[in-house]
Amino acid sequence: MLGYATRKLLISVVVLFFATLVAFLLVATVDPIAEQRVFLLSQPGGAEQIDRLEASLGLDKPLIERYGSWLGDLATGDMGISTDNGRPVTTLLGEAIPVTLRLVIAATVISVIVGVAVGVVSAIRQYGAFDNISTFFAFLFFAMPVFWLGAVLKDLGIRFNDWWGRRIFFTIGEQSPRLDADFWGTWADRAGHIILPALTLIAIQLAATSRFQRSAMLDVLESDYIRTARAKGVPQRRVITHHALRNALLPVVSFTGLTFGTLIGGTVVTEVVFNWKGMGRLFLESLLNGDVAVAQGWLLAVGISVIIVNLLTDLTYGFLDPRVRDG
Amino acid sequence: MAEVPVGILAGAPAETEARSQWRLVLRRFLAHRLAVAAGIVLVVAYVFSYLAEPLTGWGYKDLSSDLSQGPSADHWFGTDTIGHDMFAQSMRGLRVSVHVSLVVAGIATVLGSIMGAVQGWFRGRVDGALGLLVDFLLILPLLPVLMVLGTRTRASGGSSLMFVAVVIGLFLWAPLARVVRGEVFSIREKEYIEAAEALGASNSRIIFRHLIPNVMSSIIVYATLTVATAILLETALAFLGFGIQPPEVSLGSLVDEGRDAARTRWWLFYLPGAVLVLLVLCVNFVGDGLRDALDPRREQRR
Amino acid sequence: MTDQAGTGGDVPVLSVRDLEVVFPTPDDDVQAVRGVSWDIYEGEVLAIAGESGSGKSVSVMAAMGLLPATARVSGSISYRGRDVLAMTDKELEQLRGSAISMVFQDPMTSLNPVMTVGAQIAEGVRIHQRTKTAIARSKSVELLHLVGIPNAPQRVDSYPHELSGGMRQRAMIAMAIANDPDLLIADEPTTALDVTIQAQVLDVLERAREAAGSALVVITHDLGVVARTAHRLLVMYAGRAAETGMAEEVFERPGHPYTAGLLGAIPRLDAPKGTRLMPIDGSPPSMLAPPPGCAFAPRCPRATEICSQETPTLRPIGNQQAACHHAEDQYNSKANNTNNKTKEDRDDQR
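Chains as they are written, first to last, in the numbering used here: chain P, 1 to 327; chain U, 328 to 629; chain Y, 630 to 979.
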């Protein structure tokens, strides 16, 4: 197991290095002065002004040099300064990450637990009423764009509030502005804000996870070793919990790692729909403003989170499957 | 499955055998009623996107003097604040999504099939290097990456359609490549592949004439899945403002423009969204029917 | 091989009567077993032989209650007078692994990959004997030792992927005899194994059977396996019994052309040089729509008009029973007396 873990960790470090390169090259395609450029080009003497602007942003230097100096700064913990508001990128990320993390963790934990349960029950009672209903919803939410589902829930939430006569669902922001409450009051307020965005992400994730768990479980239930367990007289319940589930969890573990990137995309959209001041908003604004340092830092932070999640799923997989851990 | 008398197959030319196999696939697909219905809806909706203007008299760029009207006999999906006919706009958006997703699926399918077949056929270092790329693409948070690349479309204006399609396509081939690789690994030891190799067929001939045709079932199923993913990505990008740009129409930007009016002028938000959901749902149903038809072994585990 | 205790009048351990099993499929129903009866008595070894798809595995799966829920089963199966088909799930669970247990064909896939072999053996012991974990574990070590796995105290903690195919099948056998079952069923126990270790595993199976004092049903398509172990033989074809009798007698003088054909397909060490194996031409019929009359008729060298019209039933011929319109001809044919000796003989038979 130790050898397996070390190997996975080493691969992660290599991927991390690769990720810095990709993040840098991606953002290099963004023109930080796109809007001024259009305007200045129509002005007399605008070309020189563009040159001066580019020089002030370091754009006149070759790519490799800019990458090198970005990496050098990163090594000292410096991710640069936002050209939009002059604040350090690390500070901006530090403010945005906890907000988004609440949403991502809530959505992941709930959708994985519920998805596994739904998938297992569907597989055991294949073509039963529960299976048919969950299949219907899985297909429906599988076809639903996150941005539309989020906006629909937001609209329904507002209509519900109106009908009820009191505000139950908060549909704007991650918490009430100028909130002045104690610890519990703050979290209660946040909970009211997180319900609809989390539900949006959960519905989408759940559709995929439950289908995946269902087919993994069906595969396992058909396997020879399940027949062996039953031939041994192992009670049905124990066959499911001790023999089938542990094997059927394996594909879902790697699936969770693989879909984390999709979840990030969904989070960006959801935050935009519900006006959260989290990672999604930070990224969107950095791109709209040509704020290169923020966009680079954002991509790197997200890259690191993807690498960590995949490392964790690899380790969990190794823990669950002796064949992988030895191989 | 019904037994086929040995003599008939043995005496038949290979071509007939292949054709009858496809006929069997077609028959199984047609037995899947939901998939057939979804396929018909797709075709009708696409044809309708061209008939909308002659039928209703409104083009997607036309501005009527009816502002912010609800659905009526004249404006089926109502109108927006400046008098756009929302039905014409939605049909235009549907057509754009179909075109973009077909280009995406084309690029991703060709790339994925070739990459996967190359990995499976050459194995060793080629497989290792391409495998790293595939693994990287699989865990990549696609939407943020496409947003970065999509900042270009904000300056380019209306010519964004092809750019968006190509960029999405270049990032969407990895899942298919992984599946094709796995299947090529399992068929490469088969007699007919070994025979082709022994006869001195070149690598590219083996890949294109023998390997890829034999994993066509998976390729077709994945191509359909890719169409659905592409539609969702294209509209999400347009929703965020990094995809198809006005004056061209995307269902994503229609939803974005209509969402703040969801309470007061529901048709601006709910109708384009419903068209989008229906579109993706139908593509998924067709994909599901194709999977059952091409791989009956999996039929029971849909 | 001479021990045939109990073949007489006692109550059989397991008795199968007129068993029929049908699997509904989207296209049509598959008639896997079409009326088969057999008994097995204490201490006896019964071999059920036939090609794949002949219904031999399905009939014992039915006896274990292991068929998928969609299967339609009729007829009767009784274990020591108790009706197995009428048992509740709980009663079946108590029966399986304790009174009747089973060794499966493919040891590569029949063991749970994420549990140690020791844990898998101990599980059966704990469930049926309600013993403590430590006792179940030492019992596992004992059993692994019995089936000839070296270093049993270490191997008990191995995962299946760490063992060779032969070792895994030994572990499967250890698991099957863990509760000293009355009846052990081995479904193609050596088919998936390397030829060089097939004989060893058969020896282990025989030793395990003696240690547990069980009766044994061996299911096989390979009459070579039967020749080593079986007292009695049941040959199945297309879901029906083709022939049954004492194994040695059936070997000596088969009363069914299909049995004769199967015998022609076994390699024999005592056959003269130059003998070639004779596979049976053609393939078994589709069980979706089995042909009328004798199912073997299309492949049978002795087939006449009546064979494709009337379905033959088992009838006595000598000491055995055969379901063939031409059983007498087959039983008395000259070829039988020198069965499998030379190629020329078989050519005469044609």
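Derived by calculation from the structure, the hints in this document are not laboratory data.
Just so it is clear, the structure is predicted and the values come from calculations on it, not from any experiment.
C-beta: ideal position from N, C-alpha, C; glycine also.
Errors might be hidden in some of the hints.
From the structure, some residues in chain Y lie toward chain P, with a derived Cβ separation under 10 angstroms [said to hold, decoys possible]: (1) Met690; (2) Arg701; (3) Ser703; (4) Asp718; (5) Leu721; (6) Asn808.
Some but not every residue of chain U turned toward chain P, in silico, with C-beta under 7 angstroms [as the list claims (entries may be wrong)]: (7) Leu394; (8) Pro398; (9) Leu464; (10) Ile466; (11) Leu467; (12) Val475; (13) Phe490; (14) Leu559; (15) Thr562; (16) Val582; (17) Gly600; (18) Val607.
Label pairs and their calculated CB-CB ranges [as the list claims (entries may be wrong)]: (19) U:Glu518 <-> Y:Thr717: 48 to 56 angstroms; (20) P:Leu312 <-> U:Glu518: 56 to 64 angstroms; (21) P:Leu312 <-> Y:Gly664: 54 to 62 angstroms; (22) Y:Met716 <-> P:Leu245: 37 to 45 angstroms; (23) U:Thr408 <-> Y:Thr699: 58 to 66 angstroms; (24) U:His426 <-> P:Gly46: 49 to 57 angstroms; (25) U:Leu361 <-> P:Leu21: 54 to 62 angstroms; (26) U:Trp349 <-> Y:Leu917: 45 to 53 angstroms.
Cross-check of the supplied hints:
1. Met690: At 9 angstroms from the nearest chain P Cβ, Met690 (chain Y) passes the 10 angstroms test, so the hint holds.
2. Arg701: With a closest approach of 17 angstroms, the Arg701 (chain Y) hint is violated.
3. Ser703: Since the shortest Cβ distance to chain P is 22 angstroms, the answer is violated.
4. Asp718: holds, 7 angstroms
5. Leu721: holds, 8 angstroms
6. Asn808: Since the shortest Cβ distance to chain P is 8 angstroms, the answer is holds.
7. Leu394: violated, 22 angstroms
8. Pro398: violated, 17 angstroms
9. Leu464: violated, 10 angstroms
10. Ile466: holds, 5 angstroms
11. Leu467: holds, 6 angstroms
12. Val475: Cβ of Val475 (chain U) sits 5 angstroms from chain P, so the hint holds.
13. Phe490: violated, 12 angstroms
14. Leu559: Holds, because the Cβ-Cβ distance from Leu559 (chain U) to chain P comes to roughly 5 angstroms (cut-off 7 angstroms).
15. Thr562: The hint holds - Thr562 (chain U) has a Cβ within 7 angstroms of chain P, the shortest such distance being about 6 angstroms.
16. Val582: Holds - the Cβ of Val582 (chain U) comes within 7 angstroms of chain P, reaching about 6 angstroms at its closest.
17. Gly600: holds, 4 angstroms
18. Val607: Cβ of Val607 (chain U) sits 4 angstroms from chain P, so the hint holds.
19. U:Glu518 <-> Y:Thr717: 48 to 56 angstroms: Given a distance of about 50 angstroms, which is inside 48 to 56 angstroms, the answer is holds.
20. P:Leu312 <-> U:Glu518: 56 to 64 angstroms: With a Cβ separation near 44 angstroms, Leu312 (chain P) and Glu518 (chain U) fall outside 56 to 64 angstroms, so the hint is violated.
21. P:Leu312 <-> Y:Gly664: 54 to 62 angstroms: Hint holds: Cβ distance 57 angstroms, inside 54 to 62 angstroms.
22. Y:Met716 <-> P:Leu245: 37 to 45 angstroms: violated, 26 angstroms
23. U:Thr408 <-> Y:Thr699: 58 to 66 angstroms: holds, 59 angstroms
24. U:His426 <-> P:Gly46: 49 to 57 angstroms: At 37 angstroms between Cβs, range violated.
25. U:Leu361 <-> P:Leu21: 54 to 62 angstroms: At 46 angstroms between Cβs, range violated.
26. U:Trp349 <-> Y:Leu917: 45 to 53 angstroms: Violated - the Cβ-Cβ distance for Trp349 (chain U) and Leu917 (chain Y), about 23 angstroms, lies outside 45 to 53 angstroms.
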